[in-house]
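Undergrad: Next come the chains, spelled out residue by residue.
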Amino acid sequence: MDGNGPLLEVADLAVSFDNSGGGPRIQAVAGLSLTIHPRQTLAVVGESGCGKSVTAMTTMQLIPCPPGRVDGGTILFGGRDLLTLSEREMRKVRGSEIAMIFQEQMTSLNPVYTIGDQILEAILLHQRVTADEAVEIAIRALEEVGMYSPIESRMRRELAALKVEVDAQRRAPAELLQAESSLGTRMRATRLQLLRDYPHRYSGGMRQRVMIAMALACKPKVLLADEPTTALEVTIQAQILELLDEIQATRGMGMMLITHNLGVVAENADVVCVMYAGRVVEYARVEELFARPLHPYTRGLFRSIPGLRDHRARLTTVEDIVDDPAEFRKLEGYEKGVVPWWPFLPEAHRPALAPSRDPYALHEIEPDRWVGCWRTPHVEAHPTRRADLTYRRSRSSVQAAPSDRS
Amino acid sequence: MLPYISRRLLFMIPTLVGMTLMVYTLIALAPGGFSASASAAAGGGAPAGGDPRIAEAKFRDRFLLDEPLLTQYGRWLARVFPVKFGTRAQVDATGERIYWPASLPEMIAVGDAASPAEVQRLAESMAAARASFHAAEPELQRQAQYRQVSREAKTARESLVGALAQLRLDLAEYAAATGQSALVDSRGELPASRLVALRVDTAHELWSSVAASARVANDAYAKASAARAVLEASFESRPFREAGVGVIPGVLSVGAPDLGWSRTKNRPVGSLILEALPVTLLINVVAFPLIYLVAIPAGMLAAARRGSLFDVLSGGVFIALWSIPVVWAGVLAIGFLASNQYLGLFPVAGLHATDSASMPFLPSWGAAGFARGWLLDLVWHLVLPVTCLVYAGFAVLSRQTRAAMLDNFNADYVRTAKAKGVSRRDIVLRHVFRNSLLPLITMFVSIFPAMLSGSVVVEKIFSVPGMGSLMLEAISLHDAEMMLANTVMIGCVSLLALLLADILYAVADPRVSYA
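Protein chains in written order, with my numbering: chain A, 1 to 406; chain B, 1001 to 1515.
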C-alpha cells in the first residue's frame, strides 16, 4: 500500500437482514461509500439503527450470515476486496490490520481469563514472536494507553523535582539514575501485575484502555471504534479520545469513529459522514459541516442540540426541520434538480426522478462536499466522484507529546 | 481459601446435627418409636413370666429409654462426635465400644434407705467389693474376667430395676388405698419425685408390703452398687485397647465416631457402612464421569451446530431416555438382557461372581481358555446398574450445557475474540466453553444427592450391597442405629460434594474468591 492512497475504501456497500416477522428483508446499509486515509479520523454519525455499526461489523465480516447478507459493493483494503476473502484470510486481517473496539467495555473482556491472556492471545495470533517477546509487546501497549498506578504518578513527579535539583547541581547525578531505575522497576512490576489480573478488578475506563491496548498491540492500520466512549463518564471519555488521537498521529493509523455525540465529532473528527436509513446524507470536512450544514437532516441534528441559555418550553427536534418542505429548497441548485434525499419527503415535494432502480445518489454539490440527493435527471447527467477526502485537521497537541508519558 | 474451607467444614457440624436430630425425632415419633426398634432388636413379642410392667421396666432400662428424648439424642451424638469427653471407651475384638459403666437408677428413699448408717454401710460394701477385685494378668484372662464381671453387674442391675419397679407399684397401690391416687402416673406407678408429697401411715396394712419391697430394693441396690464398683475396677484395669487418641488424659480424646451396634445384623454399624459405602461410591464414581463425558460434548456440539440434525436428534433421544422410569428400565434390563431365558448377556445380581475371590486380577488367556479375571468380572457386573443410573442424567446436563453455550455465543467478549481474529474452534473451546462451565458446576451440586438416592432404587433392583440396600433394610427392620448412621454418612457425602462444587467454582471463576 502506498503512503498516500486511502487505507480503507468502502464503495456502494449494501447489507440486509432477514425479517424474522416474515416481511421483506431489512436494508440496514443501502449503497454506502466512504474512504479512510492514514492519520485520518472519519466520524460516522447518525441515529440508532442508521447502519453505522453494521458498516463497521461488515468491514470486519463479523455480521452473522444468516440473518445478515451483503447484497453488493466492495470494501477495498490494501488492494484486496475484504468481502471476497475467505474466513481464513479474513482472520489474518482481523485484529492484525484492522482492529475494532466496542462500546460495552464492561462485558467485552472475557471474565475468566486474565488481561494478559487476552492481550497475548491477539499478539501471538498475528505476530511471529516468542511468549516473552509478546509479554514485552503487551507491556508496551499497556504503557501506551496510560495504565499506571497512582504511586507511579507520584514517583514521576518526584523524579522531575529531582531532575531540577540535579540540573542545579545541588544533588549528585547518581541519585537521578537510581531514582530512574527504581521507577523503571516499579513500572514493570505494575504492568506484570496488571497482566496477571482479571478484568473484573478494573473500572470501565480502565477496561476500555485494556481493550484499546489489545486492539493496538498488533499495530493495525485501521481502527474501527464503535462508540468507544459512550458508556464512559465525561472526563474519562476525553482522556480516551485524546489517547486515541495521539496514538493515531504517531502511528499514521486511520480511524472510523462511530458516535452519537456531536461534541466528540467536533473535537476529534477530520471528516464527518452523516448517515440516515443506511445511506450517507452528508459527507464533509468537520469544520465545513459544522459551519454550514447543507442537508436538512444535518441541520436538524445541529439545531436539536439545546444551548445552555435556551429558555424554551419545547426544544427543536429533527422532525421540526425535516418535516418542513421549505428546508429542502434551501440547497443551492434546487431549481436545477439537486434536491436533498429524504425517504419521508411527501410525494408532492419530490422532484421527478431519472429512470433508475435507485432513487438516491451521493452528489458532490460543490468541491469536497457531498449531499445525498434524489436521483433526478440533472444528478444523473452530472455524475460526481465518490466521497473521498484526504483532509486532516492540524493538531497542535500532537507534536508535543505530554512530558508525563515517556 | 483455607480459612473458607475450614469454616465450611465447621458449618457442616451444625448441619449434620440438625439432620440427625430430625431423623432421630422422626424415628421417635413413628408408632412405637425407639421401643419398637429396641423390641425388634430384642426379638419382639411380650417378655415371658412375671408382671409385664416389671418386665417392661427392665426392658426400658436396658435400652435407656426412660430418659428424655433430647438426653438420649445427646448421648447418641456424644458417641458419634469425633471429639470425646471423659474416660476413653475401649474397643473389643468385634469392634463394639465398651464405655464406662452407666450409673445406677436413682434409689427410692423409703424407710431407712436414706439413713446415714445405711449410706455408710453402702459405701463400705462398695469399697470392700472394689478392694476384693484383682485384675487377672494375661490380657485374654482379663477380658474374660471383664465379661464375667459385666454379666454379674448386668444381672444385679436388672434385679435392682425390677425391685424398684415393684416398689413403685406397691407405693402406687398404697397411695390408691389411702385416697392419694392423684400421685399415681399414667403407667400405674408412683415415681420417686412425688414421694415427698405422700402422706405415710405406717400402721396401714398395705404399708408393710411397701416396707418389705423397700428392703428388697435396698438390698438389690447394695448388690448392684457393689457389682458396679467391681465393674468399674475391671474397666480401669483396661482389658481392651482404648479407642481413639487421648488429648488430655481422662478428659478429652479424639476418636472415630461410634456409629453404634446394629442389633439386626449383630455387627458394628461402622463396619457395615465401611463395606457398603465403597460399593455405592464405586457405582457413582463410574456413573458420574460417564454422564459428564457424554452430556457435555453432546451439549457443546448441539450448541455449536444449533438447529442441525445432531442438535434435534440428541435432544430428542436424551429427553426420551430421561422420561423412562428407572424401576421399569431396571426390571426390563434384568428380564431381557440378564435373564438366561432371553439374552443372558449380563449377570442378574450382585457385583461379583461367587468365585471372584479366587480370580486373578487381570484377564488372561490360559490353557483353559479365556479367564476374565476379577477386574473384568466387576466391570461386567457393573454394566447394567451403571447404565440404569446414567441414562436419565444425560438430558438435563446436555440441555444445560447447550443453553449455557448459546448464551455465551452472543456475549460481547466472544465478539471481541472474533474481532481479534481468533478461530471459531478456539472461540468455542477457549472462550465460550470456559464460561459455560460455571452453571455445570452448579448442576453437580443438585445432581449428586439425587444420584445417591437414585442408586437406592438401582441397588435394590440389581441386589447390589451398597448404602441404598443397607438403608432400605434398616428402615424395614426398624434398626434405629443403622438408620441414623446412614443419615450421617449420606449427609457427610452430600455436604462434601457441595463443598467440592464450591471449591471448583472458585477455581473456574476468578471473580469468585473465598477470602
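No wet-lab data here; the hints were simulated from the structure. It is possible that some hints are incorrect.
Reference listing, derived: stretches of chain B covered by chain A, where coverage requires no fewer than 3 residues with Cβ under 8 angstroms from a Cβ of chain A [to be verified]:
id, region
1, 1407–1417
2, 1431–1439
3, 1504–1510
Treat the numbers as computed from the prediction; the structure is a model and nothing was measured. We treat Cβ as the ideally placed atom computed from N, Cα and C, and that holds for glycine.
Undergrad: State for each hint whether it applies.
TA: Outcome of the hint check:
1. Counting residues of the region 1407–1417 of chain B whose C-beta sits closer than 8 angstroms to any C-beta of chain A gives 6, which meets the bar of three, so the coverage hint holds.
2. Judged by the Cβ-Cβ criterion of 8 angstroms, the region 1431–1439 of chain B is covered by chain A as claimed, because 3 of its residues qualify and three suffice.
3. Check result for the region 1504–1510 of chain B against chain A: holds, 3 residues qualifying (beta carbon to beta carbon below 8 angstroms, three or more required).
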